[in-house]
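S.K.: Protein chains in written order, with the numbering used here: chain U, 1 to 133; chain E, 1 to 133; chain Z, 1 to 133; chain A, 1 to 133; chain V, 1 to 133; chain S, 1 to 133.
Zero decoy hints are in this set.
Since copy identity is lost for identical chains, a pair holds within one copy or between any two.
Restricting the straight-line Cα-Cα distance to at most 30 Å, the calculated cross-link-like pairs of lysine-lysine (DSS-like) are: (1) K59 <-> K10; (2) K10 <-> K79; (3) K59 <-> K79.
The set of hints was computed from the structure by calculation and includes no laboratory data.
Protein chains: 6
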Amino acid sequence: MADDDALFRKGMPIRREVLGPDYVDASMARADEFMMSFQRATTTWAWGWAWGDPTLDRKTRSLMNLAMLTALNRAPEIKLHVKGALNNGVTVEEIRPPYCTRQPYCGIPAGLDAFRAAHEVLVSEGALGKPKT
Amino acid sequence: MADDDALFRKGMPIRREVLGPDYVDASMARADEFMMSFQRATTTWAWGWAWGDPTLDRKTRSLMNLAMLTALNRAPEIKLHVKGALNNGVTVEEIRPPYCTRQPYCGIPAGLDAFRAAHEVLVSEGALGKPKT
Amino acid sequence: MADDDALFRKGMPIRREVLGPDYVDASMARADEFMMSFQRATTTWAWGWAWGDPTLDRKTRSLMNLAMLTALNRAPEIKLHVKGALNNGVTVEEIRPPYCTRQPYCGIPAGLDAFRAAHEVLVSEGALGKPKT
Amino acid sequence: MADDDALFRKGMPIRREVLGPDYVDASMARADEFMMSFQRATTTWAWGWAWGDPTLDRKTRSLMNLAMLTALNRAPEIKLHVKGALNNGVTVEEIRPPYCTRQPYCGIPAGLDAFRAAHEVLVSEGALGKPKT
Amino acid sequence: MADDDALFRKGMPIRREVLGPDYVDASMARADEFMMSFQRATTTWAWGWAWGDPTLDRKTRSLMNLAMLTALNRAPEIKLHVKGALNNGVTVEEIRPPYCTRQPYCGIPAGLDAFRAAHEVLVSEGALGKPKT
Amino acid sequence: MADDDALFRKGMPIRREVLGPDYVDASMARADEFMMSFQRATTTWAWGWAWGDPTLDRKTRSLMNLAMLTALNRAPEIKLHVKGALNNGVTVEEIRPPYCTRQPYCGIPAGLDAFRAAHEVLVSEGALGKPKT
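Generate coordinates for the entire structure from the input sequences, incorporating the hints supplied.
M.R.: Structural data, given as structure tokens:
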């Protein structure tokens, strides 16, 4: 048994609930040995260890994560966590204003990238109307 | 009347409530013309524009800010916002676990700097016992 | 009247002059309510407040912005501001050498990303010949 | 003779050995005057000056570079240096575990971007099997 | 038994060997409940999980870490890992040239901060002569 | 003769003119062999190679550097280049407004750190009145 098995087993159901079981199961199924190292790390550490802590509710965690990821300049993770935020009950009305908030702290260019990443997911998830063309 | 007067006047009472009137008044009184540019910018944009939006409660905003500032690597702002978080009703129990959370996302060295900055403020504000020596 | 109306109205003509009226008008027309939050923020704060300050000429501002955006690792904003620099009278000869300059300060990988983003815009704007194939 | 000629001439054969002569020669041939500024900078400074120092072997340098580039959030350079690492004799088994290592230091989102960039190159270079579909 | 106990117990002896038992034991003894969250995180993840992987030797890991931390702009961690590098058998001659290497990738200002942090530790550890005054 | 001698000899007088001969000579005299690697790198690359390019005047370069360094989060370099900006004929009136400009792009926390670093130098150089106490 690997040393991180307990946290991996704790993290997997949380990850499936927040990001959606279809997405997570497909990521695991598609992963070859190289990418499985990442799957294992994120499930164990981000989901088992960090999200597994019960002090804060998941909705607050989602809002904190989106704030943090805007600063970190990592669009692929932003997209995952916008979807997770919707699953955790965050409304579009609650996502949008803090996006604005982040701009004075992270800067306008960070806001542009974060807005675009969020918008793409909100449209594809049906949480916004179709984009105007 | 400057173009940003409305937001400045909206931001100042929010800033004084969150960071404490003594701290803010002293910062304003001490500022020469050069530093007043910064005082004006932060009051207008961070406090009038971003914190002035009523959608999210201040406690959630404080937790989001601490998450974001850990990623941004800016210890002086972390210290201000740990104090603000206490003023907004965030408990030490609620500050500590999300600090842990940030480490998988921002990395351990970001965690070290953020933990130390927070700890210094929590001790000086009497929210933790005296440090062991 | 929103608190930021004066700055929004001040920023819009500056933004249209620097980035081009067609680009800005299309961005505004295409924006749904979610993206309009970003449009409003950037017009008000970056254009009304920052670019609205008359101390430095626009050409110097463009060169400063390109330097800053290279460090911030934000290619979509670099592309906008290369186009803005051309509109502000910056020549290719003036864009290229400071690009080199940024590499000792920001690092070679930042230089690679910035060079590529700038090159793409300079070619599409007709400021460089067609790329060799 | 330009002031940096000696380092450029020292760097070019090292760059060709590490990144592959076909790739480097094609980059040089394709570069117009604008992009040649970057070609010259990277050959002179990264390859002639930094890689030209003989103290550490190239394999160790490749591993250091991949660690550094994960932190710098620069996927295009990561892809180049994964290819370079293979040319310098680093095995997939040696690339993968330090990728994991970087996640506690740089964070999971940095890990995700770095894993994906590396995976793409390892597949296209034939160092991993075809991705599952 | 906490879910991360196995990794914590695996990480502690590695951490004590690399950073020195006196330093680590003092950090643990001094930590109050708040800082113990950080102690636990770093021991578990950085040391048990990342350094616990046996694929690369510790000397190579030290060199990779110093490269990564220069990019991350985290001087307190740089100081710890310069000390760790000496404990892992890295010589001053091997530390210095890769420092130079990092400058083309991370930029000169990152180099300045990293050089100063390393120099401070190398002097206090007696690995360099006394600074000139 | 080292490969970078030409650039080193070209950079040294520029560096002395911009940062002041006393400061530069003292840095060189104080440097032991370890720190001399940094002295050599910065003189060669930042000063000989980048500042040695004659296309842009030094005043514009100073303003670009201050913009870039705010984004890079490197206070020690900001202090050097505020002093250099004064030597290059930039006035306090020209330093202050672009500082404001940087805040929408880099964020308020970056602005706070940059303002403080600049203020410290402007006071010690006598370019501002004494700070209020």
